[in-house]
Amino acid sequence: MRADGIDVARHADYRPFPLDDRSHYRPRFTGAGGIRDCARADAGGFHLVSRRAAGVCLPVNQYHSVAGVDHRPPFVAWVTLSTGWRWAFFIPAMAGVVVGILWFISSRKTPPAAEDVVQDTAAGVPLVERYKMVLTSKPIWALLIARLLTDPFWFFYQYWQVGFMQEKIGLTLAEVGKLMWLPPLVAVFGVLAVCWASDRLVARGMDATRARLTIIWSVTCLAPLVFLLPSISNAWAAVAIMTVINFMCTAWLSMATIMMGGLAPRVAIATAIGVMSALGGVTSIIFNGFVGSIIDHFGYSMPIYAGATLHPIGALVLAAFFLRRKKSFIARPETV
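Numbering-wise, this note's numbering comes out as the position in the sequence shown, counting from 1, plus 28.
None of these hints come from the bench; they were simulated from the model.
Predicted model, so just to flag it, every value in this text is computed and none were measured.
Every residue, glycine too, gets a C-beta built ideally from N, C-alpha and C.
The reader is advised that the hints may include incorrect statements.
Here are the in silico distance ranges between beta carbons for each label pair [claimed, not checked]:
#1 W131 x E195: 33 to 43 Å
#2 S259 x A231: 17 to 27 Å
#3 R136 x D324: 45 to 55 Å
#4 L130 x H325: 24 to 34 Å
#5 A306 x Y333: 24 to 34 Å
#6 S261 x Y159: 47 to 57 Å
#7 A121 x P258: 33 to 43 Å
#8 G128 x V310: 36 to 46 Å
#9 R232 x G112: 47 to 57 Å
#10 G128 x L344: 39 to 49 Å
#11 W131 x L344: 33 to 43 Å
Please model the complete structure; the sequences and the hints are all you need to start from.
Okay, here's the thing in structure tokens:
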């Protein structure tokens, strides 16, 4: 339901506002903060799995919301067209409250599995010291810069895909609901496949950081296909390219999170992932704050072309830093 609550903000509020003033779309960002809740769950997962299994285990944990992402477009379209856009917000919000209450009730008792986990020493490390560990690490800064560069396009795509399909391709909201559940569904299985591949590379002896980078560089090769999107007029062709975008961006996010778990000291993993997510969100908000005016004056082509270059640039930043270093950047033991 977290996915529904976030994504309703991307879809249900699209049509009620005039198309000639993109500043009205800023309420879309009200749902963006919820995405950052994943950081805490991702950070916790690093303490429960070995590095060799992190590639698959952590994305599986992260994609518990895939059901919400997949059924969101038809759900939002159906509710909006049948009862109004306000109910498209209200229903997921109430469902989220119910799930939160049930989660709180069921999690008051420590799970038995947690008894076997070595307790972290983060509580004994001052907050300032943890931030110092993160912000003075060159490998971590390389990854932070890459995320600062790439997150804006992912956010732009998520918040403007419906507008593109309606204004550029000419689909109705109902037609968007019928088609737009496909890209996230296909992308999830693709990301699980590449995460499994990265674990296989680690199992065969490749350094964990290098294995994650190999996946990042590989999926970035799909970026040139994004340049075709502005010239597409066929709905199915647009959906196909959007599936590529979903896959590439989600694979990037997954690998970056897993990499951060390997680069940061164990006591500072949550801090590092939180900093990475927060900074990526800030640059995304800044980028998307100007996109509406750009689309008004130049159409969708310019932001799509500019955004399509960001992941290759981010990949080059990672290559420039990590390829010239021979040693491993693991900052903590291989297993718990």
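Hints, one by one, checked against the model:
| no. | hint | in the structure |
| --- | --- | --- |
| 1 | W131 x E195: 33 to 43 Å | holds, 39 Å |
| 2 | S259 x A231: 17 to 27 Å | violated, 42 Å |
| 3 | R136 x D324: 45 to 55 Å | holds, 51 Å |
| 4 | L130 x H325: 24 to 34 Å | violated, 48 Å |
| 5 | A306 x Y333: 24 to 34 Å | holds, 28 Å |
| 6 | S261 x Y159: 47 to 57 Å | holds, 49 Å |
| 7 | A121 x P258: 33 to 43 Å | holds, 35 Å |
| 8 | G128 x V310: 36 to 46 Å | violated, 26 Å |
| 9 | R232 x G112: 47 to 57 Å | holds, 55 Å |
| 10 | G128 x L344: 39 to 49 Å | holds, 41 Å |
| 11 | W131 x L344: 33 to 43 Å | holds, 41 Å |
Hints 2, 4, 8 from the list above are not met by this structure, while the remaining hints are.
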